Amino acid sequence: MNAVTDRPHPPPAGSGAAAPRRGSQPPGFARTVAALLRKELLVELRTLESVPGMSLFAVTVFVIFHFALNRTGVSGDEAAGILWVTLLLAAMLGVNRLFVADAEEGGFDGFLLAPCDRSALLVAKALALFSYLVVLELVAVPAFALLLLEPSLGPALPDLPGVLLLGDLGIALIGTLVAALAVRTRARDLLGPLLALPLLVPIVIGGARASAPLLVLTHQTAPALRWPLALALYDLIFGLIAYAVFDFLLED
Amino acid sequence: MLRIRPIATASPSIAPRPPAAARDRRPLYGRGLRTLSLATVAAMVLALALVFFYAPLEAEQGFLQKIFYVHVPFAIVALCGFVLGGVLAIVHLRTRDPRWDMRSYVVIHMSLIFAVGTLITGSIWAKGSWGHWWVWSEPTLVSFLIIFLLYATYQPLRFAIEDPERQARYASVFAITAGAFVPLNYVAVNMATAYVHPRVFSNTSNLPGSMALTFLVSLLAMTLLFATLCKYELTAKHARMQLRALRRRLTEEADTPARRPRSAAPSHEPPRRTAADFQTSTATAARPIEGTRA
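Protein sequences appear in the order of chains P and Z.
The first sequence maps to residues 1 to 252 in our numbering.
The second sequence maps to residues 1001 to 1294 in our numbering.
Read the hints as simulated data drawn from the structure, not as lab findings.
Everything numeric in this text was worked out from a predicted model, so none of it was measured.
No residue lacks a Cβ here, since even glycine has one placed at the ideal position from N, Cα and C.
Among the clues, some could well be false.
Here are some chain Z residues pointing at chain P (derived, C-beta under 8 Å) [what the hints assert, rightly or not]:
| hint | residue |
| --- | --- |
| 1 | A1042 |
| 2 | F1063 |
| 3 | I1124 |
| 4 | G1128 |
| 5 | L1150 |
| 6 | T1153 |
| 7 | A1245 |
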């Protein structure tokens, strides 16, 4: 496959080698992803540059929606719409910040010098963005229930997290790909959302249609299976596409 | 006509090559342009004649329905063009030949224009049928709006990257992603649209024979128009590039690097010539470094 990572096999155990040679074999895919993800999360924990901003942005947008729509409580389609639009726009903030440190501080060069599969960066960054979105929703969804949602959130709880997680996965994959595309251009903060939002329209469609029946006063049964299924399929297809093209973005 | 041979030529030649003078006289992109243009004009005249004089009036919508013969071919050709742009981008990424990037750029550019044509003709049809310039219940129009918004970022993306090789690579990645998105988006919007209005444009399988014939001829005419316009643009760009290279050779030393202004359009001008360029074999220059990519 990749001649850079192909190495001769290490000597079999017990062959008399004095000490195990740790550094001879490049790390496997999972270990690379784990190392990169750990770095991402550590940096985020220390600098707190994405998640607090995204959460604050989401709560502020709920307040703006109250004044813009002139409503004290929403339910059904409106509630689902407001929730998903807010999550999407807050995710754009995270997408804008995702690769900025790597681009400015030479992280790309350092990663290219390492003998590991380049797609590991895609997986690690997507997982990091996914975790930021999960934390965002842990703040934003209760805030939404408090500020704008008319029916209580309790009955929606068994099904809503599943829908949100599927949507988060899609946002994370597309957001990572678009962030990598946009970060080394001149208008990176503008191009990121412009590229990502049309690609995220099917996620909004699936997510909003799946959440709308959950957020109504007379709670009905679980959402029709087609919407979560459509979300999952879209995530899968875009995951494969992103995996296939990501390497070409890193060459330099 | 002097032909600057780009360094990254990746085309093997099977037949024995003609002598240098004859080879230089053949245009790269302009071959067959006149034939194609004439065929396009003939097809469009035939299509218009069929639309206005042969196709019957539709029972429900009357004369307004005839915009169907323009709107749907616009839509089909634009969609296929976007997907073709993605396919050409895949070829570009695999061969690293900048000519494929040029073709991908032109095809996407032209499809975007055809998409605008789709939106305009669709709006006219919507206004005539339902009294509104825009209707959300027509999935073709809605998905085209989303696709238009996506591909409208293609040229700004290209313009924002200055290094031409990176510009071509990033644009190809975008073209592949967006080309895969086109059918997915259509399916998603179809699922989301409530079937309030009758959708005339959805299926063409139950068209009577005369309407089907007219539709097919219109589709053929639109495809030929697309191909002709793409070919014109490729020829014009190639000619402009050769002119620029010639002008540079006449006015400056060949060693000074070409300084072209920032532009969204790709260019496959050859890089600075070094001593190695004047050796015979260009075959080894086209392949990427062994062992770095599978």
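Results for each hint:
no., hint, result
1, A1042, "38 Å, violated"
2, F1063, "35 Å, violated"
3, I1124, "24 Å, violated"
4, G1128, "27 Å, violated"
5, L1150, "4 Å, holds"
6, T1153, "5 Å, holds"
7, A1245, "27 Å, violated"
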